[in-house]
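Respectively, the protein sequence lines represent chains A and B.
For the record, in the first sequence the residue sitting at position 17 is 48 according to our numbering, with numbers rising by one throughout.
For the record, in the second sequence the residue sitting at position 174 is 598 according to our numbering, with numbers rising by one throughout.
These are computed hints drawn from the structure, not numbers from a lab.
Ideal Cβ placement from N, Cα and C applies to all residues, glycine included.
Relax, there's no trap hidden among the hints.
Some but not every residue of chain B turned toward chain A, in silico, with C-beta under 10 Å:
#1 544
#2 641
#3 642
#4 653
#5 658
#6 659
#7 661
#8 744
#9 805
#10 808
#11 832
#12 835
#13 911
#14 921
#15 926
#16 936
With beta-carbon atoms standing in for the labels, derived distance ranges:
#17 749(B) x 189(A): 42 to 52 Å
#18 470(B) x 271(A): 41 to 51 Å
#19 482(B) x 72(A): 33 to 43 Å
#20 482(B) x 367(A): 25 to 35 Å
#21 470(B) x 189(A): 25 to 35 Å
#22 272(A) x 749(B): 25 to 35 Å
Computed list of lysine to aspartate or glutamate pairs in DMTMM-like fashion (alpha-carbon distance at most 20 Å, straight line):
#23 328(A) x 934(B)
#24 328(A) x 935(B)
#25 328(A) x 270(A)
#26 191(A) x 560(B)
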Amino acid sequence: MPARRLLLCFAAVALSLVATLHHPASGQAREVNLYNGRHYDTDEAIYQEFTRRTGIRVNLIQGDADQLIERIRAEGANSPADVLITVDAGRLYRAQQQGICQRVDSPLLTSRIPEHLRDPQGHWFGFTKRLRVIAYARARVSRSQLSTYEDLVNPRWKGKLLVRSSSHVYNQSLVGALIAWHGEAFVARWARGVVANFARPPQGGDLDQLRALAAGEGDVALVNHYYYLRLLNSPNPADRAVAQQVGLFFPNQGPEERGVHVNLSGACVVATSRNRQAAVAFLEFLSSDFAQEVFAKGNFEFPAVRGVANPMAAIAPATLREDTLNAATYAANGGRALQLMVAAGWR
Amino acid sequence: MRVRRAWLGLFPAAGLFVAAALSLPILTVASSVFSPTEGTWAEFVRLVLPRYVRNTLWLLLGVGAGTLLVGVGTAWLVTAYRFPGRRACQALLLLPMAVPAYLVAYTYADLLQYSGPVQSALRAWWGWSRGYPFPEIRSLGGAVFVLTFVLYPYVYLLTRAALLEQSPVVWEVSRTLGYGPWATFLRVGLPVARPGIAAGLSLVGMEVLADFGTVKYFELDTFATGIYLVWFSFGSVTGAAKLAVWLMGFVLAVVAAERLSRGRRRYHRPPGAPREARPRALEGPGAWLAAGACLLPPATGFGIPGLYLGWMAWVGGDPLWGPTFVRLAANTFTLSATAAVAAVLLSALVAYGLRLAPTPLMRLAARVVSLGYAVPGVVVAVGVLVPFGWLDNVVSAYLRRSGLSTGLLFMGTTFTLVYAYLARFLAAALSAVEAGLSRIGPTLEGAARTLGHGPASVLVRVHAPLMRGSVFTAALLVFVDALKELPATLVLRPLNFDTLAVRVYQLASDERLMEASTAGLSIVLVGLLPVLLLDRAVHRSRAEAVRPSSGRPIGRASD
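Using the sequences plus the hints, can you model the full thing?
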């Protein structure tokens, strides 16, 4: 009798497990499945508008882009993934290297997205620009003391430079671009100079660097621009107070200079996509004025498409010079950049 | 009779099958040892690995010593002594279990960093500028501090269960033979509770090895962050897998060492109904000291982080707060509860199979399946992805030949997710159930078998009631672990399916800690209920055991 009870118990558990198997209906024509490395609640407006205009349903899984790439690889030919979205070029490049992205020939995309913000062969496209800039403590630094990324190794900043860990891809992409411009020997020296100027061992995220500036732990910091804008527009007075004490400086703007480093958030159509048409339509929609404005207003990113009203105009000079090095180039240098930073003691 | 014999073989076989099936992810990862690694990996080993290993060992030692001190000390206090607030302390001491370690790390880093409220207030008060001495929270010491106060409940819980299931007669004998309270604790209570303490400590050790959230937030380079770095930054999956294998080898060695040193000692309690030890009443300053010592750990691991999260949720909070959260909480609860029930049943199979037929193969399988607990969740997740992806594609190819187009059957389902939880957390349930079983002497089993009961009947009618406390403990451990689990959930969950931990991740990965506090607090609240239920169950199981249910009158010598 107890044996039977035990069996019953197991059967019940097994049944409940099977009952929990619920499946996203895959392969139906009117939907598109996003494997999404971007997590901004404001993007929801874009998905809803896309569904409203096209009737195509948007299914979503958000996660770490690297791990979503692993999942797509494991799912193989049957993967339900149609579109992979990431918040930096490095991961898109890695996905492409692993054969996860397919080429898309869309005249609309190639005309709307500037050349340096997409893969030369059309495997992936950038939809927003994220500038890696120098933030400074207004009370202690004058803008005339700032010039370029290269000058951050100036002994003037000894014990005053704040930056996050080298394991973060934003730093890897920036240093990857420096490798492309100056070569590895220069970057190895530069990284040692940066380490020599650290105000503290790298820690925290970009927001933490801004808060440390305001608290007086350092004078200059490397951050992505939108974190500053998020503080400036925060409903929390403490956040706004931090932003008030911090200024943003766009480096490498001189007449002979290449311009500020531009990273991107972008997407690709997955090679095994069963809803290819819907996926391409979705990418094209990301380049629409509607989506571009949501990106800019929701997370303060620069729209990739030229001519879209740019709410960032208030903080960026009209003649802002941007580094037009192709994202694929610096993304490819990311791994080497990390090695050089680690070797220099940039943890 | 033949049926019985069949059952006898069936249990070990089923146990072996369960252990093998749940070891699949670990074996998948281990198999990568044989594939060649890419070039950058060698450079990583040369450059930074020694530091990673050193940090990991210090972290293990620090947290091990800390949880041993806090967990065993408090367990002994609340079991052997009576003082004001003792009953409340028994429950409060469990509360940090409901809080994910990464949330405690967030809150303490936020509070204690240079730009945080504590240091800002100190600077404003004393007019300090940079360079004053203040301990850096993002450091090895900070990580030891946070992990100790989050993880000590594992040691507390299992030690307390072991002390409660001990026959108090031995304590009384110790006292009558002239040992004082300290000597009784150190020379009788502790050694007899050893399997429980060891089980708790090994869980803590494995949690420490697998922890990624806390050490990453504190910028502490450990084995776990090394695995992430090699994998995601150097892009070497096989390199990461090899690191994971080293980690597993280390765990196996430590576990084997503990078993060896235990030798042939056995920890059965004498048959017959146990009865309650009469806790000694403490009075005066001793009582207040005891109450204070028992309140400090939950205040540190639960009170302060909980209040700070509550404050952040009140001031900032999640803009999506509302019906969405009911769905998130329901998803989280269902998944964790399913995993907890399945883990108890499966670990009972494995533990009982091990008891009936302790063959070398069975022992190895039980140890290998336990390794999942020591490996960072993302490694287990990938270990799940690969075999399930393969299985899915084989099945789908087969079905397509017979004209059916099914797509993926397993991947992206909650089944796969629960499987991953089991592969990751079975060790927690298994160690609790094994510790419970080990305290039941073979004579009881022999008696029941002589009376004509088969192994299944003995398990259900004799063992289960005797180790009810351990079973509850096992279920709770897996429940709260699954509740807090992030990496496997993140990569294995179905489309359009989120949990509270995922919501915390979405906001925290974007550096929106204020907003993430709401989901974090919700995890704590969902976890609180079962933790309190467990406390009641442990309490009551003892109360019932004290009742003379065996029909044998029990004298109360000390009355």
